[in-house]
Every structure is written in C-alpha cells, then in structure tokens.
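Given next are the chains, with one letter for each unit.
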Amino acid sequence: MTDTATPATGGIGDAPVRKEDAKLVTGQTTWTDNIAFPGMTYMAVLRSPMAHAKINSVDVSAALEQPGVLAAFSGADLADEWAGPLPCAWPVTPDMVHPDHWPIAKDEARYVGDAVAVVVARDRFAAADALEHIAVDYEPLDAVVDMEAAIADGAALVHGDHGTNTTYTWPFSNGDVDEAFNGAHKVVTRRFINQRLIPNAIEPRAVVVAPIAAANEFTMYTATQVPHILRLMLALTTGVPESKLRVIAPDVGGGFGSKLNVYAEELMALVLAKRLGRPIKWTETRSEGYQTTIHGRDQIQDVEAAFDEDGRLRGLRVKLLADMGAYLQLVTPGIPILGALMYPAIYKMDAYDFSCTGVFTNKTPTDAYRGAGRPEATYAIERTMDEAAVELGMDPMDLRRRNWITHEEFPFTTIAGMTYDSGNYEAATDKAMELFDYDGMRAEQQRRREAGDRYQLGIGISTYTEACGIAPSRVLGSLDYGAGGWEHATVRMLPSGKVEVVTGLSPHGQGHETTFSQIVADTLGVPFEDVEILHGDTKVAPQGLDTYGSRSLAVGGIAIYKATQRMLDKLKTAAAHMLEASPDDLEFSGGQFSVQGSPDTAMALGNVVLGVFAAHDLPDGYEPTLSAEFTFDPENFSFPHGTHLCAVEVDTETGMPQITKYVAVDDVGNVINPQIVDGQVHGGLAQGIAQALYEEAVYDDAGNLTTGSIVDYYVPGAPDLPEYTTDRTVTPATSNPLGVKGVGEAGTIASTPAVVNAVLDAVRHLGVTDLDMPCSPERVWRALQEGSASRDQVAAQAQGGQHA
Amino acid sequence: MIPAAFDYTRVGSVDEAVQALGQHGEDAKVLAGGHSLIPLLRLRLAFPSVLVDVGRVDEMRGVRDDGDHLVIGAATTHDEVMHDDLVRQHCPVISDVVSQVGDPQVRHRGTFGGGIAHGDPAGDLPALALALDATFVIAGSGGRRDVAASDFFVDYLQTVLGAEDVLVEIKVPKLGSDWGHNYQKFNRVAQAWAIVGSLALVRRSDGSIDEARIGLTHMGSVPLRASATEQALAGASTDVIADACDQAAEGTSPPEDLNARADYRQHLARVLTRRAVEHALGG
Amino acid sequence: MPRISVTVDGVTYEDDVEPRLLLVYYLRERLGLTGTNVGCDTSNCGACTVLFNGRSAKSCTILAAQADGAEVTTIQGLARNGEWHPLQKAFNAEHGLQCGYCTPGMIMASVDLLEHNDDPTDEEVRHGLEGNLCRCTGYQNIVKAVRAAAGEVREGATS
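Each protein sequence line maps, in turn, to chains A, B and C. All letters in the first sequence, in the order written, are residues 1 to 804 by our numbering. All letters in the second sequence, in the order written, are residues 1001 to 1283 by our numbering. All letters in the third sequence, in the order written, are residues 2001 to 2159 by our numbering.
Isolated chain A (complex conformation) (with noise of 0.2 Å):
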C-alpha cells in the first residue's frame, strides 16, 4: 500500500456506497433487452422436445408464410455459415473426445433443448407464433441420462460415431498412494453425489446483434461475463474478422459462471444480423434457459481416506465421474480439474491419487457455476472428515486440528504440488467457534438427544480453502487450458484531475466501480468520486480476460494497481522537473509531490498533470502522456480460507431440516471494501445453502429435464434462508502487493459441507448414516425411517445374542 493519506471515505478499507446502485435502484440501467435499434428484429430458436433423435427433415416452409417472418433457417440450411463449431478452450487430454458441437444441430438433436431451427421475425410475438408451423421429423434414439449407464458396455452412444461416451480420464498422484493405505489403521470409504444445479442468474441471457453489413462490421451486446473471450471465439467460428466484431457486455444481470460462455445463440444472432443486414435481438425465457444456459456440478465422487489410529491423514484416493452433458461447452471438461487440485484442501497427508472421467448423456450441456469444481472439492473432503471423526470415535473440530498445516508452516506445497502462500487456520476457526459459542451448542444438542426431543440439533464444520483468483498462465498452461490468465488495466489521468481506469474485467453485479476506484483514489489522493472505472466493451477496453473465478481484484485489481503507480511514477518525473528537484528526493502524499526535507517545495498532482497536457515545460525526451499500462500474471493463485459452522434443526417427525445458525468466518487477506466483501460472502453463502437444502435438476429416464421451471426448481426466497453472521481474520496474501485474495466463491465453496454435516449430526444417533443432498424432507425422513429399522435389527440382533 502507499503512504497516502487515506481519504475519509472512498479509500482502502473504507466502505463508501456503491457507484454502481444510482442506475439501478432507480431503473435507468442498460440490459441487454433494453436496447433497441431502429429496425429491430427478433430472433426465436425452435428446439428439440427429444433428448436424442435423428432429424430426418426441417421444413419451414410454413412457417415463413407466416406475417412478420423475415427468415427461418434449418440447421442444415445454414450449415455453410459456420467457419468452425462452438468452442471448446480446454482440451485436458491430448486424446480427449471432442465432437463437434454445432449451433443449430444439423441431423441429430442430443438434448432436450438443443437448437433444430431458428425464426427472425418482426417482433416478439410473430417470432414465437411462427416456432409453431416448423415441422420436424424426428426419429427417436435411445437416450442415455445416468452417468454410470453411459460408461457401461452397450450403452446407447451421445455420438455414435465416436465410439463411446467417455470423453477423457485425467488422472494425478502424488505419494506412495499403497503405502498409505496398506498401513492404516482405518480406511474411510463413500460415494458422494454432487448433484446437477441450475444458475439462476436473475437476468436471462440476451443478445443484440447491429449490423453494418455492407461494410461486414458488427456490434453484439450481450448479457455475458466474457466480452474479450467471446469477440475471440466469434471470429473463429463465424470467419467475421475479429478487428470488425465490437462486443459489449453492457449492465448484465449476474452470472455465477453461466454467462461465462460461448453460446449459439450468440453465433445465430452474429451471422442472421449478417445475413439480413438488420439488428436481431434474442432474449432466454427462463424456462429455455432451464434447457439451454449451462448448468453446474454433476458428478458423482468415490472417496476413499486412509488414517493412523491417532486420526493423522495418511492418504486420499479421488475417483470422480463427471457429467458433461451432451457437448463440450467453453470449459467444460476442465471443471472438475479445476478442483482436483483441491480436494486434499488444508489437510497434510503423504499421498493423493486422483483421476476423472468425463461422461457424455444426453442432457444439457454443464460448465462453470459459481465455484466449478471446487464445491465439489471441499463438499468431497469436508464431508469426509466428518465421516472419517465418527468412524474414529473424534470430535470432527479434533480431527481437523490434527491433519491441518498449521499457521507456522507457510507457505506449504500440498500433496496436490500447490503452494498455499500464506494462511491461520487456527485462528479463523477459533473465532468462529467463539461466535458460533461451540460448546454450547453441542451442551444444547446432548439435552436434546438425552430428552428425545422431536426437534433435534445437528452443527456441522466445513474447514475450507479454495484457490481462485485465475490465474497464473504459466499454471493454466501446464493444465492444457486454451488462454492465459493475466489481466489489464490502463489508468489516464485527465487535464481536469479527473481519473479514467480501463479494466479488461467484465463485472456483472461484483462492485467492481467501487472497490476499483477505492484502489486508484488511496492510490493518487483523489477523491473518490473523480474516478471512472470503464469496462465491458471490447472497443474501450481492448484487453482483458474477463470476470470469472475470483479472479476480479487479485488479478485485475492488482493490474489497475500496478497501472496507477507507473501513471503516478511517470507524473513524479514532471513533478520533479517543475520543482527543480531529483525524483530520487521527491515523496507523495496527500495528493502532493514535495521534496523531502522542505514541505513547501511542493505542487498538487492536478497542476502536474495540467503541466504534463500543457507539455511547455518537460524534461527533454519526457513524452507527454497522461496514461500507464499494466498486465499482471500472478505467480500464483490466491488462498482464501475459513472455518463455517452451520446448526440445524431436524423435526424428525417430518425430517424437514432447518438452519438456525450460521457463522461464517473467512480469511480473504486485505479487504478493500468490506461492505461488498460481505455482500459476496452472504451471495455466496445462499447459493451453497440451496445446494444442500434445495436445488437439483432432475431428469426423467427419458431425458426430459423434470424440473423444467422455476416452479419446480427451488431457488430460495428470503424466507427460506438464514442470517448468516460473518466475520473475518486477516492473514494477507503474499503473492499480491495489495495482499488481496478472491471472496467470489468462498462462500458457496465452504457452505454447502457444513449444512450437509449439520444434518446429518442432528440425525446420525437415530441411524441415519448418509444423506444425498438436496437434504429435502423426504430424503430425511426416509433416512429417519431406515435408520430406526436397522437400529431396531441391531437391537433385535444384540439380544438373540444374549439369548444364545
């Protein structure tokens, strides 16, 4: 940090209200849908009601009869449009089957969902009243839907002509993995099943293509985290030249991974708006959302821990199936690799061995949600440990303690070959358990199983750590990933002493504005008001990697970070000339140069910059820019950590779960704004809740997506979710001079194990071994149901015994 004095508000630390809420609390906000063009068409896709058929025939004759009807395209009629398939950016394998995963599906349709036809009419409605007079001929196919199905011999094939459904096997070990089990005194051994989630941004996707088709130029809005990567990917798969494509992602409504693509409809909308030479407009309902925008998680994990009788972490086998969908989305396959590097978390042991294999079905596509791989992680292992302390006879907290690198071992290589740079996990836990007041609540939860009470008490630990903050490209690199993970950033200076940031980040409800600003103005002395942050647009901001695994201030931040301080270096030069003085004697401060030793030899930063516009008076060969660059790659991913506990409450007459506690203390280093880091904590908190209360997409056998709305896919409303208590210890990183780590994903990272571990604590001593989450009230009950007959049976058994 500087040795600038910090503003009253708006510096690092402070937290001033965001910039960003002025338009939207008062509805003057630019999505997607919002904006209109003269001339406007729109744009509606007809897609398969089949998970899996042949298309024999498209016929849109009618359907361009219809009035309004501009254009109606067949898959196969617009198959000489494409100069390449939907991309996919990590091949984790070399020999990693990658079918080709075209826009509009040409003779086969994979999933329920899957684009067959697309319309452009005048308006909305002509566009969905003429999706009603295609015709399709379709040709049913055997649909697979369960992963273990696909991958077993005579499985029915996704894509036929590739000869299986297996994608790729990635595997890592580390350690004498055998050694590590055959000497144990226990072996902890469970099937996890992460199930298929549905994001849920509140914002459906959009996009708005405007053409100047004459001259082969397009500008696409679209409600996307990912403008730079997708100007990228549209050249590649539309031949329009990447210098002619100008993407904006203008207000975008929340993203949580699922707008962190490349989508087909994005691709139709580039070449109908190319073709037609009029701006197309598309807009998801959210039901075609249901079937269409990626989905999360999805996998199904074999878990075996090997430990001494003392409870020490010998070695962890990982076995992971991972649900693909029915094509390689942007990033897909590399989801879950993404968190095989985590799953030994904060834990030392000798040996890891892990492999995944990625299984086509025909369902909707998954990709990254809110955390991608990592929930799956740290549920995997957190829930483990809980397992493994009841089989061990330990208090879980105990076991934790035992196997976790202590705070005087950073910074620690991790069995996974990562390098955690700094962390105290003792601390943050011991804080939470004061919160939490732990032993009172395991008082309360003995009194309760002692009475037989119907509403019985379950509290359950997740002792997390995740690395976000992609990434560095050297790391992405040797992980097969098709992109670097640096970012950009350029900081100008205006005559006025005004400052414009450019950030090659694509926020989409993070607060970037704000904490950014915060930065550059501790940074320069300005106030925070004087500082514009501009973003989102391909031809404002020409570089950058966009917004996605935390990566937003431990990359980005540090990159406008590193930009303010070069602009502020280049200024001190000038300054240094204008007070007739070396640089080398010159200190800032206050938004002042002054040369060390006489305070009054001294001059504001905005007459230097006026003196630099000017240009009259400068150093000889000083060139006379107020603008600095930087591209920062970290060398290393960020470590945010923290202890969440979680109460439930189990009417085990129903087995409807409740939370009635949640403490959540996390450690994400230096905190610029802590009313946002907050806000992202208690975000991230609810989405991890509905993972393990809530949340599942369900298919039928036939492939159909069962919860096929927002009616039957429960997002949770205020009612249903807790307030959460968060606090914080501060252990900064080192790998970043602000010593900043992500806090995006923390909390749906950590949370979902220690709900799950809530309930399953509440009901364990009533025989309920295991959950599958969602924990819905059913599933409980039926656990309840199953665990007082085998308690019963165990009874019974015990006393024949005696009798014998």
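Note that these hints are calculated values from the structure, not bench results.
Okay, derived cross-link-like pairs now, DSBU-like style, lysine-lysine, Cα gap no bigger than 30 Å in a straight line:
id	chain 1	residue 1	chain 2	residue 2
1	A	Lys-348	A	Lys-431
2	C	Lys-2144	A	Lys-23
3	C	Lys-2144	A	Lys-431
4	A	Lys-539	A	Lys-23
For chain A, the structure is supplied; the task is to place chains B and C on it using the hints.
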C-alpha cells in the same frame, strides 16, 4: 413468455359473462385475476380463443353478510378477503388460509374464486372450501344453481364448471367463537405449492371435541376431507387426538412427485393433521 | 384490439393493445419504461413488480388490457422531485443489491410492504418479500435495507 393470440372481452355483469361464454363455447375462458390462467397462457399450455374478463363485475366482488352465512364474491382478491372485517369476525380461518396463498403480489391480484375454480388440489383454497362445507353459486345458461363443495371438485384441474359457467360467489357458514382452526402448510420453499396441507376446524366444549372438520391439500386428484379422523374426533375427549389423526390418510391415494412419494404424503397428512388439531384447540 | 387508458408514473397514455400483450411488455416496449424487468416466465421471481392501483403486483401476470383505467407506478416513478424514495436510499446504503436485476421489483414490493407495516421485524420483511427472488445478496442486506428504510419512513411520517 408470449401467449398464443386470443380475443378479449370485458363484461360488466354475470349475465353478460354467461352470454359471452355461450357465444364462444369451449374456446372461451373466464379471466378474473388471471393468476392461474395467465401463467398457463404464457407457457402456451392453454389456447383459449377468447378471454372473458369478469374482473370488474361488481356483483362478483366483495363480502356480504347473509344471516348465518357470509357470501364472498368470486372475483374478490385474496388480499381483500384476507383483510375483510366480516371474514375476520365470522370466519377468521379464511383469513388465515388465504394469507398463505402464493405471495403478496399474487394475493393482490389473484381472486378467491379463481383459486377455487382452477381446481388444483395443491392449492390451499379447495381444501378450505371443502372443510367449510362451502356452497358455490354458479351462473350458467340455465340460470343459477348452488353446488356443495363436496360435489364441486371432479378430478385434477376439473370441476363441475362447464364451458358456459361462471362461478359467481361462494357461501360459507359463519363459525362461532367456539371454533378453533389451524392450517399446516408443508412446503420446501416459501413460494412453493403445498406438498401436503392439513386444515383443522375444531369446535370444542368442556374439554371434549364436539365436531372436527379436516381438509387435506394435495392428497389426491381433488381436495379431500379426513373423514375417519373427523368421525374419531367427534364427541371425543382430547386424549384421542393422536390416534384419531393416525387415520388422517385413510382412503387417500396421493400423487407422487419429486417432493414426495405417496407413503410420505400419507405420513405427512397424519402428522400435520395432528398438529393442526392440537393448534386449533389452542395447544 | 382493446383500447386502454392507463396512468403510468403520473402520465396518462391511451393505446390500442393486442389482447395477449402483457403489462410488463407494454411498459417496456410501448412506453419505453425498461426499469421494470422480466426475470422468469412463471410468476415466481417478482422482478417485474410494480404498484398497480397502489398495491404490489407482478406485471408479467397482468394483461395490458386489464390495466385499462389503472394507475401504475414503476421504479422509474418512485423518486419525488429528484429525491430518491427512502427504500432507494436504503438499498444503496445497506448494499441491498449486487447485480441489481431483481432490485426494481424488490423495491416496489418493499414499498407496498412498508405502506402496510412501517416497523416490520426481520421475519415480516422476509415473508413480505417471498414473491421476489434474488440470486446475489442472500437477502441479508435486503432485509437490513427495508428495515432501515422503515425507520426513515416512520420519521418522515412524524416530522
């Protein structure tokens, strides 16, 4: 999100409504608050050619005192019913159940009659009407007729309402202050339809139960009464509540879905009915 | 085509509308009032909430034809003489929004809530907003914002 095209006509009286329906037959649908119908139209799950808007028919709105009954206009919004003084005074159970329908916005526009006429066994109002022994006043081409709640619900989303019928008003008996009530609505998130609901109306005297009426939500293709439980409770002491409520699921064949298989629904019906009866008795 | 006369944010409009036109699309596409958002197709999310004759309502579940004679207030008509409504200020001050897409509906539902209960408990706020879904905030700061605004509304009423 875009309904298929239809015509729209707003009527000023019940007679006009019946006439309009008669003119268009099967293809016409009555629109009041629209909170059951418009969602179906938006998803293109219904394709009426004409909507007959009865939302402003005065005689279908409001609550009036009719001696030993209250008469609730079918197009009265949930919110109006919930806050109506007559309802609160003479039949507070209605206020209580209606306050659990949908969400505030839905209650501001959705109507009491609409919530019943839709005939959804997962809705809260059909079981309420059944437990109250309500009477439905239906206008059709042959004039007006009264239909008892027990005869009104035919099957899933099907009632005795014909294509040319309009549900005009609902008559409910005033309940004396010796009646207690409680509705146990069981769902996974606040917005969701009931997985099971149990409504208990209990009249008590001198430590025993004179009469109990139990309405069950989402326990079959139509709303149901827990008759065995009602009989076991009638004239009985409060000691028998648990045993009586164990019979709450008798004769039901509840639907199966992602939230509950049939045996779980039956279990819930028993537990929720016991809780509802206990609460209704002030327990 | 039905002809309607409807007052939106204080301005009266007369228009012929297709019967199937939903009020939310009338507001957004005919009147250009894009402050009111569409977030779902099943009347669940509440993003489209407006005041309809003074009460909160989901404008996706009302036909424009049904709005004949109605008075509608959207998020864009909430500020008075350029001064934000206490709820707009409180959502800003308490960080009751992140992406902001649910916010117009959330605020309009809260306006109705506070008009009928100017001192709600946390639980009353949570239940009062059960018709509105937010995916960003986990609701905690929304509850805080509504309660903070309630304080300002009460002060405003007594001063």
